[in-house]
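Colleague: This is what each chain is made of:
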Amino acid sequence: MKMHRSEEIWLIIGVAILVISMAITGYQAFALDMGTPSGLETIDPQKVDETAPFDKPGVYKTGDNEYEVVMTLQIFSFTPMDIEIPAGAKVTFVMTSKDVVHGFQVAGTNLNAMVTPGHIQRATQNFDEAGEYLVLCNEYCGAGHQMMSTTITVK
Amino acid sequence: MEAVAKKTMKQKVNNVLGANPLDARFSIALFIVAFIAFFIGGVLGLLQGLNRAGILELPTWLNYYQVLSAHGVLLVLVFSTTFTIGYFYAALSHTLGGLLSKVRKLGWIGFGSMVVGVVFVATTIIMGDASVMYTFYPPMAASGWFYVGLVFLVIGIWLCAFGAFINVADWRKKHKGQHISLLAFFAVGVFVLLFFGSIGVTIEVLMIIPWAFGWTDTINVLLSRTLFWSFGHTLVNIWYLTAVSTWYIAIPKIIGGRQWSDTLTRLVVILLVVLNITGGFHHQIVDPGITEGIKFMHVFMSLSIGFPSLMTAFAMFAIFERSGRKKGAKGLLGWIKKLPWGDVRFLAPMIAMIAFIPAGAGGIAQTNNQLNTVVHNSMWVVGHFHLTLGVTVVLSFFGVAYWLIPHLTGRVLTPQMNKLGVIQTLVWTVGMALMSGAMHYVGLFGSPRRTSYTTYGDNATALGWDPYLLLLAVGGTLLMVGVVLMVYIAFNLMFFAPKGQTEFQIAEPEENAAPTPKWTERWTLWIVLMILVVSMAYVIPVVDMIVNAPPGSPPFRTW
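Protein sequence lines, in the order shown, are assigned to chains A and B.
Residue numbering for the first sequence follows the working numbering, beginning at 31 and increasing consecutively.
Residue numbering for the second sequence follows the working numbering, beginning at 26 and increasing consecutively.
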């Protein structure tokens, strides 16, 4: 099994690119805290309404320009709807599903997470630019999936 | 001795007279199903494309998600699987001196089981009882019969896989010390993956059936998703491996060149088999319930699949350059002009390979966790797999169809049909470039996949996607022309093309080729390694998903 010299060089360059991309991904995830949404807490999906904090969904101020949005996803809506926050706010979304698998995506940002029944998902985003952001469900959830949306207004 | 002489005689006759008619009939039956599925799936694809662009409102009795479920099942499960099995059974028949009669029987039983499965699945979708997409994520629950159909489909695939194993084992017993043909080696790799890759999804379906029929109350949602994707991405790579087999074996022959290093090619197959199944995790990068550490390990698992593809990229360019220089090509790139661009048997798979350069690069980008959050479940992903599957795999399969179907039916590809094939290839390429390009772009802006046309109440962001969605529909319409042309060509080659002989395209090794080492044949070792890699990837998270599972979910019908 003899490889040509140029093939070795090609493979070394290729592998180097893969390794560098992996190193950057790891550095971002673990050193810069940019890891992907990976909420590990669980919840009884049939008792979401009775379980804190989802018994009181809403927008809560948790610090200096820091907010927590407690949100339930159900066919075919988000609760709460039409969220308003001040510009520059750091917002953590705490979410769960009351029925099937949903997606939580905010167009124009990197907010993108699966929200599955039985798990509590968390995702954090800094909203620096004012404007209206479209929130939509990006996992097929049924006949009204294309209507499942709301907005976040940053003032 | 006499038996051996007979066998080689039989092989010679096989080469001269074409395929064994009994074996050929089996492959042709699979190709008929494949191209019917391709046609219906294509029509449904056009309906979606037009709807998604806001041009076509579907009638109330034909729901967008029903159409999408059928499109996915027909193209992703039926077309690809039947074509792959038909191709590799023809390859085993040709290179191993005919199928054993018991293997042929097993193949037909498997085929029957697949047909029964497809009937169950198609009926439930048409009746509107299974608009759950081909990914059928619980707790969305289709009619229980949908999943029963899937079981029949999997059993059919397994029977065909076992048939292939029996045939190869029999040949090896009768040819001690010899290597199975390279094409048969690819076949073994593909059937090993088909079998082991579908174990996870089979367990999932067996969990779902009692739940969907109402005999059990709840289901573990995250475990189901994970088991599904252990299969879902393997399936994708099975077609890719099938396409790659034609690049290494048929293309050098068609361009008048020689085969690439036999050992390195077999190493590519082994690597793709060993590393493959764990790739599925990258579909769950933004799932809850999986730790960031596990997700990071899976960046490595997914990226490692890129390595054999890098080897393939080098091999292909080397084959092209060598054969071009042998024909007198000069300069750094003169060999490009020596390639038979007007021969559709070359043009189609060549475009398939070229498309894999951006497709593979896009795949590597989106498997890196943070980049994945930018595009997860957006139209970008749909654009990605219409490039990888819709171009790389499908055009490679078409490239095979142009010579394999006439080989099996004792007919020839006429110059007129070749020309029509070239037109088909170009229409397909332009259509996919427009559609896939538009999907990639609009996905980056946030347009979601698997969503019928919507402006989200005239939201300005969503309205901004419309021009791209229109481009998507233009591409989709061109693709429909491509579908009609290809189905016409396929059935012409099956039943109407002029009689004659067409050779099975297999390149010869180089004259000074080094002998292939024995270790490549140690399939038990490769399977053990594969199971080790799969265990490394899955044991910890799956145990965690079972032990720390939240209360399960009841079934929902939300359509």
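Hints in this document: simulated from the structure, not taken from any laboratory.
Wrong hints could be hidden among the right ones.
[Claimed, not checked] Heads up, incomplete: computed chain A residues facing chain B, CB under 7 Å, no partners named:
#: 1; residue: I39
#: 2; residue: L41
#: 3; residue: M52
#: 4; residue: Y170
[What the hints assert, rightly or not] Here are the simulated DSSO-like cross-link-like pairs (lysine-lysine), alpha carbons at most 27 Å apart as the crow flies:
#: 5; chain 1: A; residue 1: K32; chain 2: B; residue 2: K199
#: 6; chain 1: B; residue 1: K543; chain 2: A; residue 2: K32
#: 7; chain 1: B; residue 1: K524; chain 2: B; residue 2: K444
Even for Gly, the Cβ is constructed at its ideal location relative to N, Cα and C.
Colleague: Determine for every hint whether it applies to the structure shown.
Modeller: Quick rundown of the hints versus the structure:
Taken as an interface hint, I39 (chain A) does not check out: its beta carbon lies about 10 Å from the nearest beta carbon of chain B, beyond 7 Å. Below 7 Å, beta-carbon pairs count as interface contacts, and L41 (chain A) has one with chain B at about 6 Å; its hint therefore holds. The interface hint given for M52 (chain A) is met, as the beta carbon of that residue sits about 5 Å from the closest beta carbon of chain B, less than 7 Å. Hint on Y170 (chain A) holds. Least Cβ distance to chain B is approximately 4 Å, under the 7 Å limit.
Straight-line distance between C-alpha atoms of K32 (chain A) and K199 (chain B) comes to about 30 Å, which puts the hinted pair past the 27 Å bound. Simply put, K543 (chain B) and K32 (chain A) have alpha-carbon atoms about 15 Å apart, close enough for the 27 Å limit, and the pair holds. For the hint linking K524 (chain B) to K444 (chain B), the alpha-carbon distance of about 19 Å falls within 27 Å, and the restraint holds.
Going down the numbered hints, you'll see the structure goes against 1, 5, while the others check out.
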